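*Asks:* Each chain is listed here by its residues.
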Amino acid sequence: MKVLLVDDEKELVSTLAQRLGFRGIEADWAATPQEAIALLDQNHYDIAVLDVQMPGMDGFELKEKLESAAPHMAFIFITGHGSEECYHIGCSKAGEAYYLVKPVDIDSLVEKLNSLKDKGETK
Amino acid sequence: MTSPYKDKSPLQQGKVMSHLSGEFLNYRRIWLLSFILTALFALVPVIFFALIDYNLTQKSMEQDAEARASRLASNTWRSVSFFLDERRNAIDYVARSNTRAQLSSSKRLAAILSELRFSFGGFTDIGIINAAGYQEAYAGPYKLAGKDYKDQAWFDETMAQGTSVSDVFLGHRNVPHISIAIRHRSPNGAAFVVRATIEHQLPRIFSQLKTTHRGDIFLVNTQGTLQTPSRYFGRVLEPLGMALPPRTGETKILSQRNDQTGELIIAYRYIPKTPFVLMVVKSKQALFAPWHEAKTQLIKYLGLSISVILVWIWAVTAYMVRRLKNLDRKRAKYFHLAEYANKMASVGRLAAGVAHEINNPLAIINEKAGLIKDMAQFKAKYKEDTRLHDALDVILDSVKRCGRITRQLLSFGRQTQTIAVPMKLRTVLDEVLIFLTKEAELRKINISMDIPEDLPSVICDHGKLQQIMLNIINNAFSAMSAKGSLTITAQKQSGDMIAMSIADTGCGISEQNLQEIFEPFFSTKTNAGGTGLGLSITYGLVQELGGRIEVKSRVNQGTEFTVYLPTKQKQNKD
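So the protein sequences, as listed, match chains A and B. Numbering follows the numbering used here, with no gaps: position 2 of the first sequence is 1225. Numbering follows the numbering used here, with no gaps: position 517 of the second sequence is 541.
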């Protein structure tokens, strides 16, 4: 399983990638949506974990872009802002279970990644 | 909640509020002012026209009284003149129908006297006086034949003017008499005078006339001696006691004030060819008695209508000002509601903003600490260092705790949205209680919640529901001094409703106040900064959500608010 992490907080994504690495999940990270698109050109990812609020492009927009390039990908959203509106849009786009509010518990993230991977495999 | 004042700062609205509460004090003055002004404008014309009417009526009454006195004087004058003319004509007839020789015979004269007595009555005597003033013949009770009248004023007057009437004098049997003399000429051209004395019959005629309004009719001679008795001025031959008015040819009016008789209207007329002045007297007081009665009646009606007008104006202005007051209060309530909503929205935005800003560094701390923990776990060097692991666990737990708090802050901030969505009562309660648990702990207030897991979600605007809960729980807290318990329960009700009840063990609300607690501006804490709007706002919010609120309370035992909320979307949302 290969995961792409996108968040404008570089410290956050880099650490998260490292920690996922400890747990046997190969993760690349990008600090901007452009970087993420560039990474997708060169690599294959099963799942993308996207921050909802990013400068320039929000997580949902980025999801559309990534999905059009790699339709098989699954997505998890993380957000620092838990407004009702965001929550409803996020849930409708990712499903309630795959919309996480920061700070994210690493174990629940791993769990969600695994379950998405299983879903992808059974598909 | 949408409001045109949403963009105003709370400071500005505070000014609006204090301005309004200033206005509240002036309703009494507004009412008094409008009452006085309206009453003035209504009553001034009424009183003005009443006064005009009063004066006009009085004037016309006076003129009427004078006209009546004048008319009576003229009529009486005519009667007196007629009476005297009749006697004069009778004497004239006697002179014409008898020869000079016949008249000079006392016997014949006695016969004539008895005929005159028979025809007219009141004739006392009759005499014939020659041009020299010598009484040639006489018939009557006295022995006056041969009397010389040459030097007497009446004789000269008769000779000069052809006729004269004497003043009244006490004659035979002390009865008042007058004498009438007529100058005549015999066929040879020699003048002679026929003079007759008659009983004074005018008082009798007058007494038939002077009947109403304490009227008085009398004769006075040109010397000011009464010739007939007068009600006001005295008896026959007594002096009149007032100056005679100047001689005129027609009836005139004068008025006289007298201490005993009051004001008198006197109509007078000189009777030509006699020394008499006829006077008709009317007492103004008596004449005006009906007018005084009417005046009293008029004043009574005026007073009555003024009272009715005043009562009416009082009622109308009181009603108007009360309505104005209610409208102002309603307006102030909406201002306040808007201000409150605005405040809540600001707090929400602030909370959400703070939470969001904290969440990102918190997430980094979380990941970094997690990374250290991961490294410690995966590297044998640190694996056994329990202190390091404990410290990292504490950091991670604290991050989790912060996360919980920021999450609750965020959902509190969601109240700026006004979409009615299904939500769990328990979740919203938890969000609200986070602000209150610390206070509850400090004040030793025990909060217990009994909300069934399978309770249906309520369809609510998040913020409004929070506000409702906050208001009620805040009230419950302020009702309880230290120690107490707050019990929150919820049950499913029939008809797609749930009932949430919040009960405290506080001071309770008296039965009298219980009926008014949802009224705006009703507060028992005005001294302690209460606006009296909290529960009225709560009431309004519950209604907006399509629910209802009930309250039960016992003094010193506690209060229980029950809020009924819908679990299904209503068709007509506010």
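Keep in mind that a hint or two might mislead.
[Stated by the list, open to error] Chain A regions said to be covered by chain B (calculated; three or more residues, Cβ under 8 Å):
hint, stretch
1, 1263-1271
2, 1286-1297
[Claimed, not checked] Listed below are the simulated DSS-like cross-link pairs for lysine-lysine, each with C-alpha atoms no more than 27 Å apart in a straight line:
hint, chain 1, residue 1, chain 2, residue 2
3, B, Lys576, A, Lys1233
4, A, Lys1233, B, Lys448
5, B, Lys448, A, Lys1335
6, B, Lys354, A, Lys1335
7, A, Lys1335, A, Lys1225
8, B, Lys357, B, Lys171
9, A, Lys1233, B, Lys357
10, A, Lys1225, B, Lys392
11, B, Lys403, A, Lys1225
12, B, Lys392, A, Lys1335
13, B, Lys392, A, Lys1340
14, B, Lys83, B, Lys392
Hint data in this document are derived by calculation from the structure and do not stem from the laboratory. These numbers come from a predicted model, not from an experiment. Ideal Cβ placement from N, Cα and C applies to all residues, glycine included.
*Asks:* Hints first: check each against the structure and report whether it holds.
*Replies:* Against the structure, the hints:
1. Coverage of a stretch by a chain is defined here by at least three residues with a beta carbon nearer than 8 Å to that chain's beta carbons; for the stretch 1263-1271 of chain A and chain B the count is 0, and the condition is violated.
2. Judged by the Cβ-Cβ criterion of 8 Å, the stretch 1286-1297 of chain A is not covered by chain B as claimed, because only 0 of its residues qualify and three are needed.
3. About 57 Å separates the Cα atoms of lysine 576(B) and lysine 1233(A), which puts this hinted pair outside 27 Å; it is violated.
4. The suggested pairing of lysine 1233(A) with lysine 448(B) is violated, with an alpha-carbon distance near 36 Å, which exceeds 27 Å.
5. Between the alpha carbons of lysine 448(B) and lysine 1335(A) the distance comes to roughly 24 Å, so the proposed pair stays at or under 27 Å and holds.
6. In summary, the hint linking lysine 354(B) to lysine 1335(A) is not supported, as the alpha carbons are separated by about 54 Å, beyond the 27 Å threshold.
7. Between lysine 1335(A) and lysine 1225(A), the direct Cα distance comes to roughly 14 Å. Compliance with the 27 Å bound is thereby established for this hinted pair.
8. Annotation: proposed proximity of lysine 357(B) to lysine 171(B) is violated, straight-line Cα distance about 119 Å (limit 27 Å).
9. Proximity of lysine 1233(A) to lysine 357(B) is assessed by CA-CA distance (about 50 Å); at most 27 Å being required, the pair is judged violated.
10. The hinted pair formed by lysine 1225(A) and lysine 392(B) meets the criterion: a straight-line CA distance of about 22 Å does not exceed 27 Å.
11. The straight-line distance between the Cα atoms of lysine 403(B) and lysine 1225(A) is roughly 24 Å, inside the 27 Å bound, and the hint therefore holds.
12. Note on lysine 392(B) and lysine 1335(A): the hinted pairing holds, with a Cα-Cα distance of about 21 Å set against a maximum of 27 Å.
13. As the CA atoms of lysine 392(B) and lysine 1340(A) are separated by approximately 26 Å, the hinted pair is consistent with the 27 Å bound.
14. Among the hinted pairs, lysine 83(B) with lysine 392(B) is inconsistent with the structure: their alpha-carbon atoms are about 113 Å apart, more than 27 Å.
Of the hints listed earlier, those the structure fails to meet are numbers 1, 2, 3, 4, 6, 8, 9 and 14, in rising order.
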